Amino acid sequence: MLRHGDSGDWIGTFEGHKGAVWSAKLDNEAEFAATGSADFSVKIWDALTGDVVATLEHKHVVKSVAFSTDGARLLTAGHEKLLRVFDVQGVKEQLQMYKAEGRTGIVVLPPSPLVEMQTAQQIRKIAVLGDTLAATGEVDGTVTIWDLDAYKQTRQFKVDADVMDMEASRDGSVLTIAAGKQVYFYDVAKDFALLHSFPMPISFAEEGGASLHPRESKFVAGGSDTWVRVFDFKTGELLETHKGHHGPVRCLRYSPSGDSFATGSEDGTIRIWQNDSKSAAATSVAETAGSSN
1 MLRHGDSGDW IGTFEGHKGA VWSAKLDNEA EFAATGSADF SVKIWDALTG
51 DVVATLEHKH VVKSVAFSTD GARLLTAGHE KLLRVFDVQG VKEQLQMYKA
101 EGRTGIVVLP PSPLVEMQTA QQIRKIAVLG DTLAATGEVD GTVTIWDLDA
151 YKQTRQFKVD ADVMDMEASR DGSVLTIAAG KQVYFYDVAK DFALLHSFPM
201 PISFAEEGGA SLHPRESKFV AGGSDTWVRV FDFKTGELLE THKGHHGPVR
251 CLRYSPSGDS FATGSEDGTI RIWQNDSKSA AATSVAETAG SSN
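Residues 1 to 293 in the UniProt record's numbering are what the sequence shown lists, from first letter to last.
The reader is advised that the hints may include incorrect statements.
[To be verified] Keeping only pairs whose Cα atoms sit at most 25 Å apart, straight-line, the calculated PhoX-like set for lysine-lysine is:
(1) Lys243 with Lys158
(2) Lys158 with Lys181
(3) Lys18 with Lys81
(4) Lys152 with Lys181
[Stated by the list, open to error] Quick list of the computed label-pair ranges, beta carbon to beta carbon:
(5) Leu194 with Leu109: 37 to 47 Å
(6) Gln274 with Ala120: 18 to 28 Å
(7) Asp259 with Glu116: 52 to 62 Å
(8) Gln274 with Leu238: 13 to 23 Å
(9) Ser257 with Phe157: 46 to 56 Å
(10) Ser217 with Ser7: 21 to 31 Å
(11) Thr55 with Glu240: 15 to 25 Å
(12) Ser257 with Ala120: 52 to 62 Å
(13) Ser257 with Ala189: 20 to 30 Å
(14) Ala120 with Asp6: 23 to 33 Å
(15) Thr132 with Leu109: 26 to 36 Å
These are calculated hints, taken from the structure and not from any lab test.
The model shown is predicted, which means the values in this text are computed figures rather than measured ones.
Glycine included, every Cβ here is placed at the ideal spot set by N, Cα and C.
Modelling step: build the complete structure from the supplied sequences, incorporating the hints.
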């Protein structure tokens, strides 16, 4: 389901998967979407029409998908213990050609993976860090850094619990990881030196996590309880607590501008919270029934 980021208004529904959808991403131009599912597939969608453009078959549950910063490659991972990279630029170009000819509803022949890179454990999350790096978070707390030019592992480290969420900052300079009852921040430019590590008053649900504000020194976190909390990025001090959900928070992210953040919950709602710079408060401005994954 695609909704407007400011208002929460419904834009369209993508129908085609036969299992739970664990991950959904738009490319930077918001022209294409990718989804990873428990039905052992990844689907690429025309975000403007809702049509399936291509289906990439996998051999197990797909837990995470991510576009490269230029949108030319798609990274997929999950229970197979493989990070796959697909060249999707050709798929996009074929679709654009068909559209120029006035043809609609076209399904493009899916590309084969450019590369498959093995991990020791199942992968929960992928984060793309700028043009050349990506990170994967595994179920045993292992974080692996990959070179997307050479397609090889460049670094590996561990956090103290299973990786539940992973986010790259807008400029790719900070990697945020939520694991167990802890949030970690790593400096990408300084060989992933640990910037901060803060204990949380919650444990992270399987899809709960944390999101760093793109401009201000704070982050938002949600997980096992129904509250959403905002913390100071430098000290870990609790700044705000927001109530409204009636189930654990499964996912959350700041908008690109940082003016709002969205949260999805097991209560079947998505809420968009508007930041008020004067009072440093947030208000629920939109709510919608539907899956929180």
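Hint-by-hint comparison with the structure:
{"no.": "1", "hint": "Lys243 with Lys158", "verdict": "violated, 32 Å"}
{"no.": "2", "hint": "Lys158 with Lys181", "verdict": "holds, 15 Å"}
{"no.": "3", "hint": "Lys18 with Lys81", "verdict": "holds, 22 Å"}
{"no.": "4", "hint": "Lys152 with Lys181", "verdict": "violated, 31 Å"}
{"no.": "5", "hint": "Leu194 with Leu109: 37 to 47 Å", "verdict": "holds, 44 Å"}
{"no.": "6", "hint": "Gln274 with Ala120: 18 to 28 Å", "verdict": "violated, 42 Å"}
{"no.": "7", "hint": "Asp259 with Glu116: 52 to 62 Å", "verdict": "violated, 39 Å"}
{"no.": "8", "hint": "Gln274 with Leu238: 13 to 23 Å", "verdict": "holds, 20 Å"}
{"no.": "9", "hint": "Ser257 with Phe157: 46 to 56 Å", "verdict": "violated, 31 Å"}
{"no.": "10", "hint": "Ser217 with Ser7: 21 to 31 Å", "verdict": "holds, 28 Å"}
{"no.": "11", "hint": "Thr55 with Glu240: 15 to 25 Å", "verdict": "violated, 42 Å"}
{"no.": "12", "hint": "Ser257 with Ala120: 52 to 62 Å", "verdict": "violated, 38 Å"}
{"no.": "13", "hint": "Ser257 with Ala189: 20 to 30 Å", "verdict": "holds, 24 Å"}
{"no.": "14", "hint": "Ala120 with Asp6: 23 to 33 Å", "verdict": "violated, 42 Å"}
{"no.": "15", "hint": "Thr132 with Leu109: 26 to 36 Å", "verdict": "holds, 28 Å"}
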